[in-house]
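Participant: Chain by chain, the residues run as shown.
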Amino acid sequence: MTSRQQLIPPTHQSVKAGFVVYSPGSEYRSIVILEEGELVARETTPPHSVVFTMRPGDLVGVAALLEREPFKYELSASKDSKITLVTEECMESELKRLPLWLLALIRNLSAKTHLLKRAAIETRVRNSLKSLAEYLSHKPADTEFNLAELLREFSFLTKISTTAAQEDFKSLLRRHLIKLSQKNGRVFCKVVDPELLLIFTDFIRAQETETEFAPYRLNIVQKKILVFLSAIEESPEKTGPDWIAYIHEKFPDADVSQWINLLQIQWFVKSDPKNPDCDLFKINKNKVHYFLKALRYETNIRGVL
Amino acid sequence: MTLEEGQILFREGDPGENLYVVRDGELQGKSTLGTAINTYGPGALIGELAFLKKEPYTETITATEDCELIEITPDALEESLEQEPAWFRSIISFLTGRLQIAGDNKRKSDKIKALPSLLYILDSLSTRAKANEDTYVSHAEVIDGVEKLFNLSKDNIEDLLKILEELEVLKIQGEEIHVKNANVVHLLYESIRFRARYKKTPPQILSMTEQMVLNAVIKTVQQSTEPLKNGTFTVKTESLLKIGKRAMFGATLTLRTMLPLLERKLLNAGIPLGDGAVLPEIEAIPFFFGDFDTILDLMELNRIYPLLDKKLVK
Numbered sequence: 000m001t002s003r004q005q006l007i008p009p010t011h012q013s014v015k016a017g018f019v020v021y022s023p024g025s026e027y028r029s030i031v032i033l034e035e036g037e038l039v040a041r042e043t044t045p046p047h048s049v050v051f052t053m054r055p056g057d058l059v060g061v062a063a064l065l066e067r068e069p070f071k072y073e074l075s076a077s078k079d080s081k082i083t084l085v086t087e088e089c090m091e092s093e094l095k096r097l098p099l100w101l102l103a104l105i106r107n108l109s110a111k112t113h114l115l116k117r118a119a120i121e122t123r124v125r126n127s128l129k130s131l132a133e134y135l136s137h138k139p140a141d142t143e144f145n146l147a148e149l150l151r152e153f154s155f156l157t158k159i160s161t162t163a164a165q166e167d168f169k170s171l172l173r174r175h176l177i178k179l180s181q182k183n184g185r186v187f188c189k190v191v192d193p194e195l196l197l198i199f200t201d202f203i204r205a206q207e208t209e210t211e212f213a214p215y216r217l218n219i220v221q222k223k224i225l226v227f228l229s230a231i232e233e234s235p236e237k238t239g240p241d242w243i244a245y246i247h248e249k250f251p252d253a254d255v256s257q258w259i260n261l262l263q264i265q266w267f268v269k270s271d272p273k274n275p276d277c278d279l280f281k282i283n284k285n286k287v288h289y290f291l292k293a294l295r296y297e298t299n300i301r302g303v304l
Numbered sequence: 000m001t002l003e004e005g006q007i008l009f010r011e012g013d014p015g016e017n018l019y020v021v022r023d024g025e026l027q028g029k030s031t032l033g034t035a036i037n038t039y040g041p042g043a044l045i046g047e048l049a050f051l052k053k054e055p056y057t058e059t060i061t062a063t064e065d066c067e068l069i070e071i072t073p074d075a076l077e078e079s080l081e082q083e084p085a086w087f088r089s090i091i092s093f094l095t096g097r098l099q100i101a102g103d104n105k106r107k108s109d110k111i112k113a114l115p116s117l118l119y120i121l122d123s124l125s126t127r128a129k130a131n132e133d134t135y136v137s138h139a140e141v142i143d144g145v146e147k148l149f150n151l152s153k154d155n156i157e158d159l160l161k162i163l164e165e166l167e168v169l170k171i172q173g174e175e176i177h178v179k180n181a182n183v184v185h186l187l188y189e190s191i192r193f194r195a196r197y198k199k200t201p202p203q204i205l206s207m208t209e210q211m212v213l214n215a216v217i218k219t220v221q222q223s224t225e226p227l228k229n230g231t232f233t234v235k236t237e238s239l240l241k242i243g244k245r246a247m248f249g250a251t252l253t254l255r256t257m258l259p260l261l262e263r264k265l266l267n268a269g270i271p272l273g274d275g276a277v278l279p280e281i282e283a284i285p286f287f288f289g290d291f292d293t294i295l296d297l298m299e300l301n302r303i304y305p306l307l308d309k310k311l312v313k
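Sequence order for the protein chains is A and B.
Numbering that gives the first Met the number 0 numbers the first residue of the first sequence as 0 and each following residue consecutively.
Numbering that gives the first Met the number 0 numbers the first residue of the second sequence as 0 and each following residue consecutively.
Derived from the structure by calculation, the hints contain no laboratory data.
Partner residues are not named here, just some residues of chain A that face chain B (Cβ under 7 Å, in silico):
1. W100
2. L104
3. N107
4. K111
5. L115
6. A119
7. E133
Remember, predicted model here, so these are calculated numbers, not experimental data.
Glycine included, C-beta positions come from ideal geometry on N, C-alpha and C.
Can you build the whole structure from these sequences, using the hints too?
Facilitator: Following this line, the structure appears as structure tokens:
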């Protein structure tokens, strides 16, 4: 006898209108395939509303049988019907006959559906600390916010539980990126510097992608250039070669390749970015300021205080 | 079949054909729609929906090490199914359909859940821009902010931005986003937040009657020659009644219909109304006044709010 001959056949039944095909209290699980007639699934509690109607060719109970998901409705015939019942034994015998890849395919379809359903109700956020830092970076500095309110709003935005978010508040507190105080039994939170929180989010993102955070990749010459550029109050506009010569004059170690690096890290921008023919560059004060701040507060950002 | 490290099995968008089972090695899948990278090790299946539904592959699969794969063709599936009872095909089709529905629902739910984060970032950036008398915010900053706050992919954020653009909340202009009215973005965010917290209609959402009254007020102000004083309008009751007859589609403008707006100080009567227990006739009030921008913003919010949910679930 080959394995192909071991299938336990499904049961075929003819049922009269009103016959209860399945009730949630039943111990037996089976897939119900409607061959002829009509079945209705009803709520088990009054007013026993119809949840869906089955037409010939429709089937129910797959998730109940394959994934043990509860089928919570009562299924009854609304017309005289012919049904096929695939019982647990029948399905088991069928699955045993399948080639392994097809069995794996069925399991995969079930498992992926289950994961997607779960993911649809969970938060998408993978790094809650980065998310919290981003959220707080949009709050004004030195304003006291009720911590409970902040937690509630953050949880509303990200679907992260307030308990999990509390740990991240502690992490930011340890880094001195926020301050907490207590008044009349309430805890208040103050953002020290929103820009610092934003830098922190970029630092986390660099860690996630396993790249070194740009401000912490600078060599000695670049750090000297950074300090020098930050001290220039009015940014002059010069062509690339003029800037190279200018920087080389101040820092003999800096050459053309250094200029390319500086352009890559955006310390210089075109004077007129909308004009493709523009060959003049100026110092990007915001970026220089960003790098300087990231370096100045490196211990806070890295959390090694 | 075998793949060497770095080789691509298929690209996102390629027509779906075969199913692959990993026998040995590791592959990674990346989609432009998601931020996550999927890893496939021994025993994993790749491309099942594309295989079953004959739809394009949804991610680009690259071998991260030398791999050995089993290739299953649609013919092999057909051959197997022919040997199974007829009902078995229905079960495969049911499971496939259910997975696809779960995927669609997840994508919809991601967008719906991400909307508050997008509005929060837009509110923050547009309020900052407004303080500098600007109405433009950086497109990249919005994308970056939402990605960091909610971990939504760029494409999905762009889809949400397009929905807001269709509702005329903003206009995407290349590297910049023109926020038409920062106050409306703020009101929209606060309304959605209120609804989520208290599970009821936000106070900023007006009844049809209230909207009709305010519509009549706006029309009266627009037709009046009297200039605004520090943003405050004044409308004569006589003019308001005259315009109200046309603007309120048959409904009568009375002090009773205006009362909710008067109580919320969106409109103010020209004379004191006492505790509101006994209301005078509307003709007894010489004029009404209020902040014109507040009313315009509120009406704009009430135009957008009901449309937003519909657009999101579409």
